Amino acid sequence: EPEVTQTPSHQVTQMGQEVILRCVPISNHLYFYWYRQILGQKVEFLVSFYNNEISEKSEIFDDQFSVERPDGSNFTLKIRSTKLEDSAMYFCASSEELEETQYFGPGTRLLVL
Amino acid sequence: GDSVTQMEGPVTLSEEAFLTINCTYTATGYPSLFWYVQYPGEGLQLLLKATKADDKGSNKGFEATYRKETTSFHLEKGSVQVSDSAVYFCARNSGSRLTFGEGTQLTVNP
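If you read the protein sequences in the order shown, they are chains A and B.
Numbering-wise (my numbering), the first sequence opens with residue 219 and increments by one.
Numbering-wise (my numbering), the second sequence opens with residue 603 and increments by one.
Careful, some of the hints might be misleading.
Some, not all, of what chain A presents toward chain B, calculated at C-beta under 10 Å [as the list claims (entries may be wrong)]: (1) Y251; (2) I256; (3) Q259; (4) S266; (5) N270; (6) K296; (7) S313; (8) L316; (9) Y321; (10) G323.
Note that these hints are calculated values from the structure, not bench results.
For clarity, every value in this text was computed on a predicted model and none was experimentally measured.
Even glycine gets a Cβ: it sits at the ideal position worked out from N, Cα and C.
Generate the whole structure from the sequences, applying the supplied hints.
Set out below in structure tokens:
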């Protein structure tokens, strides 16, 4: 069964450093998403992406964040200058169509020191 | 904005007990409703979904019915197993985003 994959599974970085989280969505899916879950809190929507453009973004997704589909398979989330409060589990998801079921990857646990 | 509210957790049950996890949602639009499960150390897995009022989603013995009149989507299972121990998240869609509830930690003891 096709699945969303994410790398790395864990990343530790210093405050102020740039990080890139990588995702490979399910191959025939057209919509891609990033969510985050701060420890002990809700899963929060960050951004959705379709046809090489951001479709929707939340108030969390500020200028420090960017997304990109650099090739036909990868979907990346970049945090330009990490802050302590960016420490969270980051989930990538994809769906075949808008408002269809979103399938999640296993997540990347980011720790900012 | 749209929101989803789940019952306070954690929930601890004995094996073969009946499970209910309550979920209510804000009634804007015509959302689809979802239950996702997160097993220890893993990501979010879709457990079941319902796309319109009175639909019942079911999977692995879990069920939830989309109740428009009460804006609810409560998760039930007649007989839980130790392997059901996980965190359960209720969610609704709002355009391209999913809005999640707080999550309910379920522990099933043998």
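Hint by hint, here is what the structure shows:
1. Y251: 7 Å, holds
2. I256: Not OK, violated: I256/A not within 10 Å of chain B, min 12 Å.
3. Q259: 8 Å, holds
4. S266: 4 Å, holds
5. N270: 15 Å, violated
6. K296: 20 Å, violated
7. S313: Hint on S313/A: holds, closest Cβ of chain B at ~9 Å, below 10 Å.
8. L316: 6 Å, holds
9. Y321: 7 Å, holds
10. G323: Holds. Min distance 6 Å.
Hint compliance for this structure: hints 2, 5, 6 are broken, all remaining hints hold.
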